[in-house]
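Going down the list, the sequences are from chains H and F.
When you line the first sequence up against my numbering, it's residues 436 to 762, in that order.
When you line the second sequence up against my numbering, it's residues 1046 to 1343, in that order.
Just so you know, the hints here were simulated from the structure itself, not pulled from any lab data.
Okay, the calculated beta carbon distance ranges per label pair:
1) F:L1200 / H:R608: 54 to 62 Å
2) F:V1193 / H:G553: 39 to 47 Å
3) H:P547 / F:A1100: 48 to 56 Å
Note that beta-carbon positions come from the ideal geometry of N, C-alpha and C, so glycine has one too.
This is what each chain is made of:
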Amino acid sequence: MRFRQPLVGLLAVGAIWGLGFLLESNLNAYIVRVIVNCGIAFILAMSLNLVNGCAGQFSLGHAGFMAVGAYVSAALTTLVPWAFFQSSVGVGVAVVIGATFAGVAGYLVGLPSLRLKGDYLAIVTLGFGEIIRIVFLNIEAVGGPRGLPGIPSRSDFFWVFIWVFATFLILGRLIRSSYGRVILSIREDEVAAESMGVDVTHYKVVAFAISSFFAGVAGGLFAHYQGFIDPNSFNFNRSVEVVIMVVIGGMGSLTGSILGGLIVTALPELLRVFEKYRMMIFPAILIVMMLVRPRGLLGHFEIWDLLPSFGRLRRRPVSRLKESVTK
Amino acid sequence: MREFAQIIVNGLAAGSVYSLVALGYTMVYGVLQFINFAHSDIFMLGAFTGIYLAAWLGWLQPPLLLFAVVTLGAMVACTAIALLVERIAYRPLRSAPRLNVLITAIGVSLFLQNAGQVIFGADPRVFPSILATRALFEDGLVVNNIQVTVILVSLLLMAGLHWVVHRTKIGTAMRAVSYDFEIASLMGIPTDRIIIFTFVIGSALAGSASILYGLSYPKVEPLLGVVIGLKAFVAAVFGGIGNIVGAAVGGIIIGLAEALVVYYISSSYRDAISFAILIVILLFKPAGLFGTLRREKV
Chain H
436 MRFRQPLVGL
446 LAVGAIWGLG
456 FLLESNLNAY
466 IVRVIVNCGI
476 AFILAMSLNL
486 VNGCAGQFSL
496 GHAGFMAVGA
506 YVSAALTTLV
516 PWAFFQSSVG
526 VGVAVVIGAT
536 FAGVAGYLVG
546 LPSLRLKGDY
556 LAIVTLGFGE
566 IIRIVFLNIE
576 AVGGPRGLPG
586 IPSRSDFFWV
596 FIWVFATFLI
606 LGRLIRSSYG
616 RVILSIREDE
626 VAAESMGVDV
636 THYKVVAFAI
646 SSFFAGVAGG
656 LFAHYQGFID
666 PNSFNFNRSV
676 EVVIMVVIGG
686 MGSLTGSILG
696 GLIVTALPEL
706 LRVFEKYRMM
716 IFPAILIVMM
726 LVRPRGLLGH
736 FEIWDLLPSF
746 GRLRRRPVSR
756 LKESVTK
Chain F
1046 MREFAQIIVN
1056 GLAAGSVYSL
1066 VALGYTMVYG
1076 VLQFINFAHS
1086 DIFMLGAFTG
1096 IYLAAWLGWL
1106 QPPLLLFAVV
1116 TLGAMVACTA
1126 IALLVERIAY
1136 RPLRSAPRLN
1146 VLITAIGVSL
1156 FLQNAGQVIF
1166 GADPRVFPSI
1176 LATRALFEDG
1186 LVVNNIQVTV
1196 ILVSLLLMAG
1206 LHWVVHRTKI
1216 GTAMRAVSYD
1226 FEIASLMGIP
1236 TDRIIIFTFV
1246 IGSALAGSAS
1256 ILYGLSYPKV
1266 EPLLGVVIGL
1276 KAFVAAVFGG
1286 IGNIVGAAVG
1296 GIIIGLAEAL
1306 VVYYISSSYR
1316 DAISFAILIV
1326 ILLFKPAGLF
1336 GTLRREKV
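Work out the full structure: start from the sequences and follow the hints.
Structure (structure tokens):
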């Protein structure tokens, strides 16, 4: 097994590269654009899933950390007069630096606010998200309310989906590790976890920081795909959008988050035939969904838990932990 | 000194509108324990009702009568929409996890915003000046009749609410339901009817607030509710969510703080200050200014 893993990784990278090449040469630019936006949404949804779905902490400020990643990386590639940052690799480095800043911001925000619970936590994260946005709105160096134009458009299908793959791999591994089990135990019963000696706040804050890191990655990719960012791209509605992805897909399910990201990003495009009414249809679907399938499309399950034919790929579903913890 | 008095008056006028909206949030939270995100959009629909009513009944004299009729109309319209929302979206979820209700509320909010954009168009509309603006003091202090009306009407409504909640039978039942939903229903309190009553009062207050807001800031658009709703909600949490006095005081404090920030720092930090205050308060007093924390038990 151990020798096969790098090989599988290489194969996946090759497959993503090949697929990107095929898509970009065969499909029209609009469809490729929707697909890349879906990829960015996947990263956002998977990262928020760690906090909202796995740790069971309700965060409404994800767009703020996306903004940190986007602004820091875009500032590096547009404002720093060093040619390296305009190259493909340089942009990659800038995205990682931006994401690190976002992770640190997540840690700093999480430290005080994750002591709160439920709706209070939701509101405080919302508040922090808005404050981060308003701070960028007031920094003239990155354009203030006018936004930051002229960002090198270096991220494409390949880079975005490499990150989707990496996020999926890292977060999937994390949840199966002992660290991840502890995070799940907090969702299942915080009081019980605490009495077992779990430093609940510490685990919550770490989960929050990791989640913010990947939100920052999504932000950096977004900035270098659009070529232009302004504070309004990271408003409250963006945070809500990501929460909706996680909830539609199923809280705590990585593949569910991907499904949710696909639905939230691609469905409005498919509904374009309804013209201006499409924006009314979408929330209506959300409401109906909550009424008829309250646990999201996949619930706690991953896609392969529901497809028996996957056989060998089947792993012990995360959701089964529930019995072992509560009993 | 005169400038300071001016800031205080501006802050009070803005804050009393926040208070009225915050009351709706806090009452629904008190009874049902969820953030009614759609509340702010019901406020927005109230403002549009005001625009259409004022255009339709523009011949009514004197202006004060027109103001009263338009306000009542907006209150009725808001109540009707809120009841519809409660019946269709919230009631079927009475026993669902709270997160689901929250997401549903967000869905309703998005629906109303987008429906507003389809029906009224995305461009801002001018709210008719039902009451002609008239300065009351001439010696530099700019206090006009609108600000005084806003503050007085809000105070009147809040006093009325206080009376209903503390002096009537249905108000007592409301407090009982918010204290303990299940026990209240065991004691024979018709909880569904109390919830409806709560929505009626909360949205009627939002309706009146929307007219008062329209008078002071005559620019109305379908996304109007977003910012006001967030601030009003912050005000409610600030005062201790579920606590009626807290929401009223919280709204006033947020309004004052904003006025001070706009004058002394910069208007672009206006929206950040309410969140900053909120975060500081929650870190030191996690249940808000007047709230009591219920400890979670195993």
